[in-house]
Amino acid sequence: MKSKIISILEQVKGSMITLSELESVATTLDTYDDFSATIHTLLDEGYMTPVKSHGTNWMGLPNSFRIQKGKVKQSLIEEIQAIQFKVHPTIELRPYFSSSKKKWKEDKPWIMLIDDYLQENGLPTSFTNSSERSYEVMKDEKWIDEKGGKALLDKINLYDKLKITKTPDPLMFAINPNNLLRNDRVHKHLIVENKATYSGLIESLLTTNFTTLIYGSGWKIASSLNQLPNQLGLPDKENQHEIYYFGDLDYEGISIYFHLYEKYNVKLARCFYEAMLRKPFYKGKENQTKNEMAVHHFLYEFSQEDQKKILAMFEEHAYYPQEVLTKEELHTIWRSAVWTHN
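Those letters in the sequence shown? Residues -2 to 339, per the numbering used here, in order.
One should not assume that every hint holds.
Here are the simulated EDC-like pairs of lysine to aspartate or glutamate, each with C-alpha atoms no more than 20 Å apart in a straight line [stated by the list, open to error]:
hint: 1; residue 1: K1; residue 2: E42
hint: 2; residue 1: K98; residue 2: E133
hint: 3; residue 1: K1; residue 2: D31
hint: 4; residue 1: K1; residue 2: E76
hint: 5; residue 1: K147; residue 2: D137
hint: 6; residue 1: K152; residue 2: D166
hint: 7; residue 1: K260; residue 2: E143
hint: 8; residue 1: K276; residue 2: E313
Note that these hints are calculated values from the structure, not bench results.
Using the sequences and the hints given, assemble the complete structure.
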């Protein structure tokens, strides 16, 4: 019973609690004598002090108590202090001294994951957007912006130290002026993840019906793609943008695509991936994190035969870099593919 009452005291936001509130902790199996003895023990040990002006009940127990927060939180503070000595020195846990035990227990697993990242990598040396940093630290690109990560990072005084850009970089792309000048209402765009593939495709842009070729630069595209209409000078809602994505065929590339699909309804440039699957894969991607939902959605885009090839590749801890396709192959695929989405 003592531990139950201490748990109640830990959760109280104010500094006072009534006897009737504490009585609610007692079960039908507890006698009132046992309850009374526990209250006296807590008073003797300094967890509470009586509010004398509120009187006592028929058993001589105070009707109200003043909670001694320092004593109540002593074990919690000691636990936090012990962990503070172990974690990376940039993580500040002192703010949790005034938090509830429940809040500490909720945040502690995230803090330990952050510590794992910092112990292995140290603080970042360059700026990037929140999606990329979130994926680096938690293997979840939504954690910082959508799952409470920013509030936690602010609390431990780490958000600014992670070099997260508040303003996204401008979108990098090449323009096909022929398409832009035709005043089409639907403009097609192709995002490629890597610089080498961007350079390999840029000569073909004028021979396609695409308005732009966009350099995604890994996760950077996640925060800058929304600038596309304004940077093109096509902010009018009547202009529609059909955007395709082609990246490395690995877990991270699939996660980037799925994030863009959810956020911007980006489509998969499937023809490039189908061409990659006709070539030998590369070994050496053993440490990437698998996003089950992203992989499931990605596989749905392919035939059953190609799905089996992709799954077999992942079982071998292998991947396909975009560079597996030659410049000539990239040109041929882009020009000859039928760009419709099933």
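Practice item. Quickly compare the C-alpha distance for K260 and E143 to 20 Å and report which way the hint goes. Key: Since the Cα atoms of K260 and E143 sit roughly 12 Å apart, the hinted pair holds (cutoff 20 Å).
Review point. Regarding the pair K152 and D166, is the alpha-carbon distance no greater than 20 Å?
Key: The given pair, whose Cα atoms are some 26 Å apart, is violated under the 20 Å limit.
Point to revise | Hint consistency between K98 and E133 [alpha-carbon to alpha-carbon, up to 20 Å] | key: Violated. K98 to E133 sits at ~28 Å, over the 20 Å cutoff.
Practice item. Assess, step by step, whether the Cα of K1 is no farther than 20 Å from the Cα of E42, and give holds or violated. Key: The hint holds at about 16 Å.
Check your understanding: Within a Cα-Cα threshold of 20 Å, do K276 and E313 meet the stated pairing?
Key -> It holds: about 15 Å lies between the C-alpha atoms, which stays within 20 Å.
Practice item. Given the hint that K147 pairs with D137, test it: the Cα-Cα distance must not exceed 20 Å. Key: Holds: K147 and D137 sit about 13 Å apart, inside 20 Å.
**Study point:** Distance restraint between K1 and D31, which requires alpha-carbon spacing of 20 Å or less
**Key:** holds (13 Å)
Check your understanding: Does the alpha-carbon distance linking K1 and E76 stay inside the 20 Å limit?
Key -> Holds, at roughly 19 Å.
Of the numbered hints given earlier, the model fails hints 2 and 6; all others are met.
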